[in-house]
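Student: This is what each chain is made of:
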Amino acid sequence: MILLLAIVVSIILAVMRGGTFIALTRVPVRWGVLAVAAFATQAVFIYQQPTQRAAGTWGWQEMVFLASHLLLLAVVWANRRLAGMPLIGLGLLLNLLVMTANGGWMPITPEAVMQVGHTGLVPSLETGTRVYSSKTIILPAEQTRLRFLSDIFVLARPFPIPTVFSVGDVILSIGVLILIQNAMLGRLATPVGKASETRRET
Amino acid sequence: MKKWYSALYKIVNSDTMRLVWILLVITALVLGSGAPEAFGGGSGAGP
Chain A
1 MILLLAIVVS IILAVMRGGT FIALTRVPVR WGVLAVAAFA TQAVFIYQQP
51 TQRAAGTWGW QEMVFLASHL LLLAVVWANR RLAGMPLIGL GLLLNLLVMT
101 ANGGWMPITP EAVMQVGHTG LVPSLETGTR VYSSKTIILP AEQTRLRFLS
151 DIFVLARPFP IPTVFSVGDV ILSIGVLILI QNAMLGRLAT PVGKASETRR
201 ET
Chain B
1 MKKWYSALYK IVNSDTMRLV WILLVITALV LGSGAPEAFG GGSGAGP
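Chains A and B, in that order, are what the protein sequence lines are. For the first sequence, this note's numbering begins at 1 and goes up steadily by one. For the second sequence, this note's numbering begins at 1 and goes up steadily by one.
With the rest of the complex left out, here is chain A (with noise of 0.2 Å):
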């Protein structure tokens, strides 16, 4: 939800900047439809009922979740050239590099889990145990590699939306907002003569 409320408050912002939505339509991304493949691929992960899992291990699961990421890498790097794209790149790999340290996915600590009131959202505290919807395994902050790199920044209430993000969400989203900002004030648009050029590439 927080990466949700990233993009639709940097939407705001550029519509009260004079942005316009037409002008994000211009703008040339290639190789959309991996994002949303790979994206689908880990919401089947992502809203599985939550299970144990033995901390650091990898399964065909977790192999799987690699490769989604590692799709989102190459598509970043294809559209490496739009503004923030670069920061969208550098909040993924520091997300994807926490994950591959720690078994493959975002280690959170329980404490954090209870800070923000998601209890509800594990069949249990123990260590290894899965959080439903999100990328999240349980793990004591002792046990959690690159802890820095995790889920550490906690946003309990009365935020209206508690939840727990890393330091790559926060780069992430500074990188949406750059991406957005510059798309809808029309200084990513292909030049008219281009679109149908573009189109075909994506």
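A couple of the hints might just be wrong.
What the hints assert, rightly or not - Facing chain A, a subset of chain B residues (Cβ under 7 Å, in silico):
#, residue
1, 11
2, 15
3, 18
4, 25
5, 28
6, 31
7, 32
8, 33
9, 36
What the hints contain is simulated information worked out from the structure, not anything from laboratory work. Note that the coordinates shown come from a computational prediction; the quantities given were computed from them, not determined experimentally. For every residue, glycine included, the Cβ atom is placed at its ideal position computed from N, Cα and C.
For this one, chain A is given, so just place chain B on it according to the hints.
Tutor: Just chain B now, with coordinates in the frame of chain A:
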């Protein structure tokens, strides 16, 4: 049949569909790259 194809072509290549597609791609890219706890929020009940 030709009319049907022509109408479908116009819809698919319309600015509205293009906008929907761009927003879908950006959303997929961002949500796929991020790893916040709980994409869909959560409830307070539980163990």
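Student: Output the indices of the hints that this structure fails to meet, ascending.
Tutor: Of the numbered hints, just 1 does not hold.
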